[in-house]
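Peer 1: Sequence:
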Amino acid sequence: METQIGRGKTARRAYGIDEIALVPGNRTLDPSLADTKWRIGNIEREIPIIASAMDGVVDVRMAVLLSNLGALGVLNLEGIQTRYADPEPILDKIASVGKEEFVPLMQELYAESIKPELIEQRIREIKQQGGIAAVSATPAGASKYGAVVAKAGADLFFVQATVVSTAHLSPESIVPLDLAQFCQEMPIPVVLGNCVTYEVTLDLMKAGAAAVLVGIGPGAACTSRGVLGVGVPQATAIADCAAARDEYYQQTGKYIPVIADGGLITGGDICKCIACGADGVMIGSPFARASEAPGRGYHWGMATPSPVLPRGTRIRVGTTGTLEQILVGPAQLDDGTHNLLGALKTSMGTLGAKNLKEMQQVEVVIAPSLLTEGKVYQKAQQLGMGK
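Numbering (full-length UniProt numbering), first residue to last: 1 to 387.
Incorrect hints may have been included.
Straight-line C-alpha distance at most 30 Å; calculated DSSO-like pairs for lysine-lysine [said to hold, decoys possible]:
id, residue 1, residue 2
1, K37, K254
2, K144, K127
3, K357, K99
4, K144, K99
5, K93, K37
6, K254, K357
7, K151, K99
8, K127, K99
9, K37, K379
10, K379, K354
Just the calculated beta-carbon pair ranges, DEER-fashion [as the list claims (entries may be wrong)]:
id, residue 1, residue 2, range
11, I5, E46, 23 to 33 Å
12, R39, G329, 34 to 44 Å
13, G6, E44, 44 to 54 Å
14, P307, A167, 25 to 35 Å
15, T252, V23, 44 to 54 Å
In short, the hints are calculated from the structure, not lab data. Note that the coordinates shown come from a computational prediction; the quantities given were computed from them, not determined experimentally. Note that beta-carbon positions come from the ideal geometry of N, C-alpha and C, so glycine has one too.
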């Protein structure tokens, strides 16, 4: 249903994750029976959760640990890890400066050139330790370093930008990346994103995407919605893009997963994304809080170091536990940010969903009071959902 903003403009209502709730059906099941397996490209994972390609979230060590736990981590090929042979003192510096010095420092540090030999080295380091080597670059970076990534033997290539489409206009001096050609020529599965609409999702799938990332601007450290004014709240964006996935499957028989990317903090957020149609999720700040994360308790956006228009900021997320506690428990916090897999399995059991496909079919209601109803004491005492 459209609403008239003024005589010359109408708009469709869009919903965020915090505005919806999941409705139990007529069946429940023991959480141990909930099957959370999913597949991306030719890789099957036990946990439908990906750690985002941000410098404060994933380094070689985190990528390996996430792989061992049954999840997945994506390494940023245009970040600190591929600009500096020893990134540790650089990360220490980022964590030590004040708010006023942060953006100029980031612009200075990220002005260091990307070194192709470090791209190869990081991929090899992940593979040698038994991890899944998933890596990410912008379309320009993919065009420049795609051959290096393929040669190094990466398992997955994420091509990511704030907004990505198959119809990109560039100045005459710049040849834009042909996404369809890139997907066809790369010897490994290519994930494309980010987008928020049915039409673009369908275009990206037709171009050969092995999966599509959904989400523009919802991330904890992202300020693109404020700086650029663009984005669609995640519940609506996921549902629209999932509809395109289903349409593409009907047309071709090929099932291309949709991944909700950004703005997800708790296990409940993840559950609601899958109920809206996502096959998996990509999260950053929850993993930035792991004791093993490279960010030293900080988390910053991928576009923050831009020399022209920095977007995103550095947020203090603290360190709340180990990666294992955050991902698979046991939980040591009461706010839904620990044991994300346990939350998903328990929610699926409560809703009677035996697998992710059934979880995508559960009833969803509009519920803006879901997180505040009856929570007076929690809010007053800064406990649980009142934090």
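Peer 1: The structure should be examined with respect to each hint, and the outcome stated for every one.
Peer 2: Against the structure, the hints:
1. K37 / K254: Roughly 18 Å between the alpha carbons, so the hint for K37 and K254 holds.
2. K144 / K127: Answer holds: K144 to K127 is near 22 Å, not above 30 Å.
3. K357 / K99: Given pair K357, K99 is violated - Cα atoms ~44 Å apart, limit 30 Å.
4. K144 / K99: Roughly 33 Å separates the two Cα atoms, so the pair is violated.
5. K93 / K37: It is violated: about 39 Å lies between the C-alpha atoms, which goes past 30 Å.
6. K254 / K357: holds (15 Å)
7. K151 / K99: violated (40 Å)
8. K127 / K99: violated (37 Å)
9. K37 / K379: violated (36 Å)
10. K379 / K354: violated (34 Å)
11. I5 / E46: 23 to 33 Å: violated (45 Å)
12. R39 / G329: 34 to 44 Å: For R39 and G329 the Cβ distance comes to about 24 Å; the hint is violated.
13. G6 / E44: 44 to 54 Å: This hint holds: roughly 50 Å between Cβ atoms.
14. P307 / A167: 25 to 35 Å: holds (27 Å)
15. T252 / V23: 44 to 54 Å: For V23 against T252, whose Cβ atoms are near 32 Å apart, the range 44 to 54 Å is violated.
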